[in-house]
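Listed below are the residues making up each chain.
Number of protein chains: 4
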Amino acid sequence: MTLTPQPLHKFTFGLWTVGNPGRDPFGEPTRKPLEPVYTVQKLAELGAYGVNFHDNDLVPAGASASERDRIVREFKAALAEHGLVVPMATTNLFADPVFKDGAFTSADARVRAYALQKTMAALDLGAELGAETYVFWGGREGAEVDAGGKLLEGLERFRDCLNFLAEYSGSQGYGFRFALEPKPNEPRGDLYLPTVGSALGFIATLDQPERFGVNPEFAHETMAGLSFPHALAQALDAGKLFHVDLNDQKPGRFDQDLRFGAENLKGAFFTVKLLEDSEYSGPRHFDAHALRTEDEAGVWAFAAGCMKTYLILKEKVRQFHEDAEIQGLIASYKVQDERLETMSRSFSKENAEALRSTSFDLDALRQRGPGLEQLDQLTVELLLGVR
Amino acid sequence: MTLTPQPLHKFTFGLWTVGNPGRDPFGEPTRKPLEPVYTVQKLAELGAYGVNFHDNDLVPAGASASERDRIVREFKAALAEHGLVVPMATTNLFADPVFKDGAFTSADARVRAYALQKTMAALDLGAELGAETYVFWGGREGAEVDAGGKLLEGLERFRDCLNFLAEYSGSQGYGFRFALEPKPNEPRGDLYLPTVGSALGFIATLDQPERFGVNPEFAHETMAGLSFPHALAQALDAGKLFHVDLNDQKPGRFDQDLRFGAENLKGAFFTVKLLEDSEYSGPRHFDAHALRTEDEAGVWAFAAGCMKTYLILKEKVRQFHEDAEIQGLIASYKVQDERLETMSRSFSKENAEALRSTSFDLDALRQRGPGLEQLDQLTVELLLGVR
Amino acid sequence: MTLTPQPLHKFTFGLWTVGNPGRDPFGEPTRKPLEPVYTVQKLAELGAYGVNFHDNDLVPAGASASERDRIVREFKAALAEHGLVVPMATTNLFADPVFKDGAFTSADARVRAYALQKTMAALDLGAELGAETYVFWGGREGAEVDAGGKLLEGLERFRDCLNFLAEYSGSQGYGFRFALEPKPNEPRGDLYLPTVGSALGFIATLDQPERFGVNPEFAHETMAGLSFPHALAQALDAGKLFHVDLNDQKPGRFDQDLRFGAENLKGAFFTVKLLEDSEYSGPRHFDAHALRTEDEAGVWAFAAGCMKTYLILKEKVRQFHEDAEIQGLIASYKVQDERLETMSRSFSKENAEALRSTSFDLDALRQRGPGLEQLDQLTVELLLGVR
Amino acid sequence: MTLTPQPLHKFTFGLWTVGNPGRDPFGEPTRKPLEPVYTVQKLAELGAYGVNFHDNDLVPAGASASERDRIVREFKAALAEHGLVVPMATTNLFADPVFKDGAFTSADARVRAYALQKTMAALDLGAELGAETYVFWGGREGAEVDAGGKLLEGLERFRDCLNFLAEYSGSQGYGFRFALEPKPNEPRGDLYLPTVGSALGFIATLDQPERFGVNPEFAHETMAGLSFPHALAQALDAGKLFHVDLNDQKPGRFDQDLRFGAENLKGAFFTVKLLEDSEYSGPRHFDAHALRTEDEAGVWAFAAGCMKTYLILKEKVRQFHEDAEIQGLIASYKVQDERLETMSRSFSKENAEALRSTSFDLDALRQRGPGLEQLDQLTVELLLGVR
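Protein sequence lines correspond, in order, to chains G, Z, L and U.
First residue of the first sequence? That's 1 in the numbering used here, and the numbers climb one at a time after it.
First residue of the second sequence? That's 1 in the numbering used here, and the numbers climb one at a time after it.
First residue of the third sequence? That's 1 in the numbering used here, and the numbers climb one at a time after it.
First residue of the fourth sequence? That's 1 in the numbering used here, and the numbers climb one at a time after it.
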């Protein structure tokens, strides 16, 4: 059992995650910002694969062209020196008060245009640094006041902007895959595209749906009390898992961005299981931050903890597959019947007729025990390390 | 202001709604079941347009063919006598213990086959009674134990069954439009297709997506703390609002199915506003039930209340549109700029270049007040009847 | 119906409420801070009764003694000029990173001592400005990590500090009444004393319970999905309603501090009804802030809206009491039986024996309809202004 | 490490827990009821200590005196034969429609009187079977409609009944300790006494508060998104932990009553830690039930799983105390300062003066890292069995 993170594990962090200064609505920052170049070095030491950023995480708003170029040059040098990549990039469309009532969905045409302009520049920056995935998190795309009339218009505008940017990316030859990141609320009262499902549904209305997928985040689905593994499974089922944000969260409260595995070990286990069992080969991105109580040492303990817990759970996934008792319970849980499955799998008049005339022993089906309590108990014991 | 319900308002109820006997996990029924024929008569008296049912609401499980035919004949006669229609039908795939671990997504091939068989019969029944919309609510399609291995298989099986049934409907010439009804949890720990968005996303993976839409329910989105008007807007935006279930609910708790408008007046107002302002012409279905405390008189007070509150809110929608101060605030909230909008609306190299070279007065945009507090306050005053 | 706020209505605001600059975890401030003296003038113009503050809302941290005295002198002059009072004061024990892991419940003895020192000074300041109520909101008293060992120690330390400060207040002759303000979470993962009930329970363990009551906040109970009117009722029932914080909130999410009545009109109505029907004569304090989207005009619209909605609802309370149909339904809902009530009200062997030998017509009790759907519908119609 | 349950571990179950037939609002029972005598035998085989019941779990409503006596005699014989005790008893005041709008808090004086009569009889039954703790769960004490006027009256009536029954118990020489069991909602929209804190606060208003404590339930606090370990700690701190209900639950949804440890392993760990580290010597009662999917074998797997997981976690508590690295982190987390602690612990004019004149190195306190991320990570690793 190797629990030492290595680049092959594809663990990534955002500059904004380990660099989070611990500010919150009720208090001032508790930590100093971290320099991007220093962050690259530290993440490499810890065994990470890559680092992601919003445009302004790397290049401060208002930087001159030469400042920008110097920053990018130094950052690239650091990446090269430490062997890290930039698999994903994104735009900060939420911190500046200009976006206080939305960026792509603002009621003000000037803000929408500025958001497009800023995102084009961020796509350029991301492409320059080799990012292959572009994440859209509409942090201010939402409302507290529905009387403003954006319930339908907001979605139209969001779509127009996404269509525009997908074409822009194509026209520049960037080849980005775009991943929509849903969130139910915070910082807006209600965010548009609140869940992974909403994003999947919205993609079906875009001009080039094949270029769009989702970036599900553990904490975001959990805030709405939804199961993250279930949401992840729907994204995988739809062939739309383009990126993933791992962290943790207590349901029904403010966005906590806790260390991966800090709260919901079972949910974390099934998350790792889906990622490892599926064809997903992308980054395992930890979109989380150290508790506001912590100093810099706490930040690195946090980052190391995210990765180590993932590796522990990955090992438990292997053990789960090799556990004969568990696999036996799963096998007996799934009752196969080739004749019935042939009839049911796809429609034909013959199949429908055959199904219609089949008799079922309903009492036997009602009384059958699927053994799920026992299976769940063994899973818990496996997680607790006593199997 | 007419507050008397009439068939033209398209208010519908399910047999299971007014007929709910008030049983809950902690207590026995408090009311006797209502006869379907009697229910038709009472709903007609109250001004309803139609009545919906699950197969077994009308025809008890295990009824003989001749019993079924007699029941259907008498029910049709009652509909004709009282001028009610059956716009929607559905199948009960949740009450019988045979479905305790799922119907279409059961791990047992026999249960899945039986669920198909039962639904084909229910489609036949619905068609016979003239229903045009068929609702799929997967009440048992979900899990408490993810170790069973259905995270991905469940979705595949669900899809196979929906594809099968859509073809069956076509082959019979029924012409049903199918509406998926999402719900986050209860009776299962986590239901598949938990939100309106999930259902929209899932439809995109079906063989005949054009035949499928959604049946959003106020209470179901609210259980997950999501905004029902926002979900409704996404369904409308996608052209997928095939049916709607109106009721009320406190967030983050058991499924209450409260009287429409009983809890969240603002949410109810924006719901009515979306339905009345949009092209939606289908039934306004109240999928709710009287409180368990009530007797039959309370049931009819509940049903009348649902409709009356809808009509009050519909009148307030009219007033909202005619309120000059409110409309003035909305107009000033939406800042138009033809030049920028032309550049932003659709991509071209020229537009992108023009956008890139535009300068924005960001400070002015940051400082601009959108007037949303005032707009929201006026909306509240309108709701409270003091404008 | 007078909807113009006047001092006799006892509406108060905190300096931190109208002065909230619109900063949140994802964005920079959108508004400039307001000067305390200017705030006093504006609140007086709007009809407020008083203004409250945390020590550092008025006197910046680190101010010299002479600066402090000047600030206080000017603030007092403004209060006198505009006829406002300071009914309540409190201490900011959350913004400074020194309190990042708690103030009274910090694991660090130095932080606890400093919190006491700071609170003593704030009590002095509050007394100097005539405040009669002192609110304790333990904004950082909580934890994300229970392994630290504070589950029990935290409560002990909290109690020690409250006992200390109550004695300090007495020794200085201040005569403060102390009101504990509960909140379930945010900014900490879990706050100690999460609900009004928790605070009431904790008071029973203090040395001088009679000096302590609660300051229930609408948004805080609502965050946990609890009914604010129910919590308010328990505080009144216990004789412990020492102060009240009015605002609004969607359940199960980040602390929104919405305009009073902005979200839950029914909850707001029953809140006003309890306050107006009971003996509570204290301030109606709006602990809320304008949406982050707003400019200063939006701030005053917000403040005016809080007060106006309260007055509208107060008028509806009057109407509720005078509505014969509503009062008739309530009267028939409450079934009195003098003989049984005499037996039940207080224990005696005779009463117990009499009760034991009483026969009840259980079927009649089971079938009786209490008329609650109709009563609730009439209440909704009253709220909507159509009665 | 012994993971075999034995009576010394004081594990108890209710007849209604293992006997739960799997009925829910959407479906019929999936299991047959279990005979009490058989349940006693099975629980003894599994290593339980005791069995609890509501009056009607043992004696059906309407049983004649001789039937009752026969049932009790046979049940006692089974207890004696299998070595089980009955540590707790309670009354079913929720299943019969007579209680549909409350028992002790009904608006109908006849219902209140009948609830008292039924509870006196249940106290007699509990005493006859040797129960020492009596639990009050007010399953129907709450409301959906606050217009009925019970917000304050409900609490008065609840108090009157509890005072009455405490005196009745004393007068009969029963010596019961009464434990109030809070729950936020379900089956009522809002239950009175929604949280452990509410119950503690209410006890302070009773005539004989010393006879009353609480029966916190893991699932019930969790439904409101509150931390169960925090609530348990407050009960212990107040000396009021008279009983405890162990199970599991996802926050913000219907009452799931999951197997202990099935969902929240960290919460379960800190629960066991508090119980084992404190002076609590009462039963560890599992108020849960097998999933509705299960047959009888699943029921016993469920019951065995509850106990085994408790014992695994108890072993981990021991390991936590013996883990030098963890204990070292805790020790360095807690900064002691004898001089400051002496000043702060209790008020005197001298202490206040000394505190006032103390200088603090605030910058050092702000920068200090408490090491909580590392401590939490080690706790997670301990739980996962890799330490």
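Check the hints yourself; a few may be wrong.
One copy or any two copies: either way a pair holds, since identical chains are not told apart in the list.
What the hints assert, rightly or not - Only pairs whose alpha carbons sit at most 30 Å apart, straight line, appear in this in silico BS3-like list of lysine-lysine:
1. Lys314 with Lys349
2. Lys10 with Lys266
3. Lys334 with Lys32
4. Lys76 with Lys349
5. Lys76 with Lys266
6. Lys314 with Lys32
7. Lys314 with Lys10
8. Lys314 with Lys266
9. Lys266 with Lys349
10. Lys314 with Lys42
11. Lys349 with Lys32
12. Lys42 with Lys334
It is worth saying that the hints were derived from the structure and are not from the lab.
A quick look at each hint next to the structure:
no. : hint               : verdict
1   : Lys314 with Lys349 : neither (46 Å within a copy, 46 Å between copies)
2   : Lys10 with Lys266  : both (22 Å within a copy, 27 Å between copies)
3   : Lys334 with Lys32  : between (54 Å within a copy, 24 Å between copies)
4   : Lys76 with Lys349  : between (62 Å within a copy, 29 Å between copies)
5   : Lys76 with Lys266  : neither (38 Å within a copy, 41 Å between copies)
6   : Lys314 with Lys32  : neither (34 Å within a copy, 41 Å between copies)
7   : Lys314 with Lys10  : within (13 Å within a copy, 36 Å between copies)
8   : Lys314 with Lys266 : both (12 Å within a copy, 19 Å between copies)
9   : Lys266 with Lys349 : neither (44 Å within a copy, 49 Å between copies)
10  : Lys314 with Lys42  : within (24 Å within a copy, 38 Å between copies)
11  : Lys349 with Lys32  : neither (69 Å within a copy, 40 Å between copies)
12  : Lys42 with Lys334  : between (47 Å within a copy, 29 Å between copies)
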